[in-house]
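Residue numbers (this note's numbering): 10 to 336.
Because the hints were derived from the structure by calculation, they are not lab data.
Some clues are possibly wrong.
[Unchecked claim] What follows is a set of in silico ranges between Cβ atoms, one per label pair, in the way DEER data are often shown:
1) G271 <-> F169: 17 to 27 Å
2) S214 <-> D70: 20 to 30 Å
3) E165 <-> S214: 22 to 32 Å
4) D132 <-> P196: 27 to 37 Å
5) N217 <-> D132: 23 to 33 Å
6) F169 <-> E264: 41 to 51 Å
7) E69 <-> L107: 32 to 42 Å
8) L68 <-> S214: 29 to 39 Å
9) E69 <-> G271: 19 to 29 Å
10) K84 <-> N217: 17 to 27 Å
[Unchecked claim] List of simulated lysine to any residue pairs, SDA-like, C-alpha gap at most 20 Å:
11) K42 <-> L20
12) K272 <-> K136
13) K184 <-> K208
14) K152 <-> E165
15) K331 <-> Q119
16) K84 <-> K51
17) K156 <-> E175
18) K161 <-> K274
19) K136 <-> T202
20) K152 <-> K208
21) K329 <-> K184
22) K73 <-> L133
23) K152 <-> N176
24) K259 <-> T202
25) K51 <-> K156
26) K152 <-> T202
27) K259 <-> E175
28) K19 <-> K335
29) K136 <-> I333
30) K51 <-> G271
31) K184 <-> L74
32) K136 <-> L77
33) K42 <-> K272
34) K184 <-> Q63
35) K272 <-> Q119
36) K274 <-> S100
37) K156 <-> Q119
38) K73 <-> F124
39) K208 <-> E264
40) K208 <-> E175
Glycine residues also receive a C-beta, built at the ideal position from the N, C-alpha and C atoms.
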Amino acid sequence: MTINSDNPSKLTFVDLFSGAGGFSLGFVQEGFKDLMAIEIDKEPAETYSWNFPQSTVILEDIRKLHSLEILDTIKESPDVLIASPPCEPFSAANPNRLDSAWSRFYEDAQGDLIFHAIRLIGDLAPKIFVIENVVPMINQEGKDILKAEFQKVGYETIFFNVIDAENHGCPSIRKRVFISNIHISLPKKKSLTVADALKDLPSPSEPNDIPNHTFTHFPQQVSKKAYKIRPGIAAVFFRGAKLEHKNWIKLNANEKAPTVMGKSKFIHPTEIRALTPREQARLMTYPDDFEFRGPHSSTFNQIGESVPPVISRLIAQKIKEKIIRKK
């Protein structure tokens, strides 16, 4: 996929913690110009560069970036700043999550990354910002911490917009908070199922030219158990002294998929095999011409750590309406 957003009259944005570019994609589809993406991991950055060749992609730790370095490159304050800092410190799925919101923000090695996003928001002064993360980040203590940090850079009113992606055109369950200086309410869309998402994809065993549509065969002992699993059921396939393969979930074709995460392991609803990266990307509403770079393990992570493009585009529409109304 090659997306050209090189138009000086367009609204502009910068993407922090860009990953593969799911958050950016919706904005570009809606006509925004991507000035810069910042990502610390090589393979997601390569995916971003491949799909957004007109953007400047900075492979760097955001802690080391000064706003003057960004402005020296992009030459202007962006209209919008979007960010998806790591969710691991706050996610209930993290078995090592620290006990209190304070410790998650200030003691976890990744917890302070959102503060660097806030720092850059204060310095770059976008008209609108949106930060995506997991809902457990914003318990009452978490909200108080974030409000205090935003007040330091001049933002007194903060909105914690909780959005269920499955209510807005995403065929997988995904509840996230979008922290912003504006209220964001998205239009409801038709509920989609796994079958809706996958129905026109050829089997990866057939010849095709769809990017990222290959799969790895199950070991024999896994295939036997996968055959017996009922749709919607998870299973531990086998354990050893040093190895455990678990949490494979057989998808139900007539229901929404569970939340797609970096470590998600899904079994195809009608075939005895794992999903391909492309099928998993379909569950997150990526178009088929969006190509992920890197091995399967990396592409699955890139997909699972994304904002679904269908959601980012709806957010971009709302933001564009608000900015245009103010002009």
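Enumerate the violated hints, using their earlier numbering and listing them in ascending order. 2, 3, 5, 6, 7, 10, 12, 13, 15, 16, 17, 18, 19, 20, 21, 23, 25, 26, 31, 33 and 34
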